[in-house]
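A.B. asks: Just so you know, the sequences run in chain order Y and E. Position 206 of the first sequence, counting from 1, maps to 206 under the numbering used here, and the rest follow consecutively. Position 152 of the second sequence, counting from 1, maps to 363 under the numbering used here, and the rest follow consecutively.
The hints are simulated quantities; they were obtained by calculation from the structure and are not laboratory data. Even glycine gets a Cβ: it sits at the ideal position worked out from N, Cα and C. Hints are not guaranteed to be accurate.
Between beta-carbon pairs, the in silico distance windows are [claimed, not checked]:
no.	chain 1	residue 1	chain 2	residue 2	range
1	Y	ASP106	E	GLY336	47 to 53 Å
2	Y	ASP101	E	ASP307	34 to 40 Å
3	Y	ARG156	E	ALA288	53 to 59 Å
4	Y	SER89	E	LYS593	47 to 53 Å
5	E	HIS324	Y	LYS119	37 to 43 Å
6	Y	GLU211	E	VAL633	30 to 36 Å
7	Y	SER89	E	GLN319	31 to 37 Å
8	Y	LYS90	E	LYS266	54 to 60 Å
Think about it this way: if two alpha-carbon atoms lie no more than 27 Å apart in a straight line, the pair counts; the simulated DSSO-like pairs of lysine-lysine are [to be verified]:
no.	chain 1	residue 1	chain 2	residue 2
9	E	LYS509	Y	LYS158
10	Y	LYS155	E	LYS273
11	E	LYS308	Y	LYS178
12	E	LYS502	Y	LYS190
13	E	LYS509	Y	LYS178
14	E	LYS530	Y	LYS188
15	E	LYS509	E	LYS593
16	E	LYS249	E	LYS308
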Amino acid sequence: MNSREKVTLSRRQVLLASLLLMAVGAVITYGWGHFRSPNSNVSLTAPTPKAEVQPTSATTKQPYQAQDEIIESFLEDEGQKVGRTLVDSKATLQRLQKFVDIMGPDDLSRLKDIVLNEKQSMDKRMLSAYMLAQVGSPKVIDLLQAIAAAPIAEKRRKPRVYEEELVVRAQAIEGLKKFAKTGEQRSKLKEWMPVLEESFLAQRMQLILSE
Amino acid sequence: MKGFIHRWAGIAICSSILVFHFQVKASQNTTHCLDAQKVADYVRDFRIRKSTFGKEDLCDPKNELYQLYQSLLVIEAGQYSGRSRSKFIHNFVPKDKYLAWNAQRIYQLRRGHDIPYATAYNSGGYVTVQDGWAQLSSLGKVGTLIHEARHTDGYGHTACKFGPYKSEGVSGCDRSVESGGSHGVEMEYYARVVLEGENFHPVYQSMARLMLLARGHFVFNKPPLQADQGVFLRGVNGESFFFQSGTYYRQFPLNNYGNWLMKRGSMGPVLFDGQKALSVDIYNAQVTPQKDEFSYYKLLDFPRPEPFQDMEEIDQGGKKYLVALGQSGQLYQYAFRRSRWNRIHSPSDYLAFKTRDPLGRSGLFVVHQSGQVERWDLARRKLQALPELWPAHVVDIVEMGSELVELRQNGQLVVRRTQQVVEGLPALMQAVEVPIYVENIGRTP
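Generate the whole structure from the sequences, applying the supplied hints.
C.D. replies: Structure (structure tokens):
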């Protein structure tokens, strides 16, 4: 009997505690981003940001492993906006740039996987390629090269689908442009270029290197 | 006591994670339902056969009808400002009347599964979108609708003369942008989105720009992004001339490269001596040829199975190919993915590569010392003998403007159609066609 009462009491205790702590957790979690870096307003959502993930400092950006689910959710949401009008292009660009700035190497690699996944929607793949192309750090070069040089499957060589496969790879090449200006990265890109088999992509890369 | 603290701590952590998770989800899932009245207008104006698309869900972006309505919404709500200058913009469609223009030409819109290789087709104004349409990006879906609408005006397609769709069994190209066919109006839309678009997503605009550049190379038989094929002519005494757009010649000081072959590189002419390649800057005649770092001839820097006597960089079916003829008479094709030269066919008395056959048709051909010519199908890795022999008195056959001309062994350049000698040139030793790309899609206002 005692034992039974003890168990009942414990369940109630857990239930009350859960409710109480969910409320506390909400305050802690929701408030965390605000208290953590008051100078930064990096937002993962638009137009009404509720969840915020921020670098440790507004000036020195540390790689931050954004959670897979947040990335997935962001891409899903933003991917749907790609095909809509009434877009504030500048604000959208800033939003994408800020999101990209806080992504760590694993997150960027995840974006590359999405770009090359034919089962994903083309808008989402294109968005991911576009976001990767906005990354300023050389750590993205390998990922962009992997996208640009990825073979196009025979079944995707039919009209229009083939063109979109080219475009998504060309977007990756656009991202390589900033690394092709001078120095060692330029030399490496020149060496790498002959792996491109698609005429259009090879030509785009050649134009970038000859600029 | 210890267990009690652990339990509470665990609950606290789990609660925080759960709350964070649901907050993020809640903020991300901004459901965007379409306006039912607007949708009803579209269904009426385009006579959309909803039942052919399956179930309608105005709040599910993955729903095909949702995507169709969204495409029409983008067509209607797209805003453009100013007047940009572009070879793609000819006012085929008034930019403030895109929706009405489409509605006037699409008498009925339905979903079908009857022609799997097509994205969509138009039969007398009755447009049927296929599985291929459903797989496309939002831009591709919009572009396809505009494209199909134009067919109602009687514009059809013609067989592609080059590019990835040349080998397709169906006609897929237009003559030119200016002819204002289905590809023309579709490309005009992309150009407007890029150059004049006001309220489009940056990714949509980027897609439009790259689509313009990609399709600009292969859906028109007169490609808008490629200037007339330039022709490089080399004199026996080292003088060189570049011919482009009818009458324009430039002289290049290539006197010291008499033993080098002039080849067509993807970025202009390339000098090749069997060991290395130098690129010639056609826009700066005074610049000495430099080590070629921009075309695929740079692969000469990598290990080769033997010295080469001839090489060719060529595009076929949208793919890049690099082939070589070894001094032993062995043919090679470069395998990009494996970064190595593959042997093709048995060695023979091959003499040189040509990019036109004796009748002037373009492609890749190998000429034997006997004059026999074989067409090299690069995709299938097959050589096929042609009935015509290479004429012994002809060195090269090239296209200058719209005329086929042949360079003869006596150094004269002769127009094939009229047999007239092209005047004003010294004795020549080589004539090479060089593709010149101009990627200028236009200027913003």
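A.B. asks: Which numbered hints does this structure break?
C.D. replies: 3, 5, 8, 9 and 11
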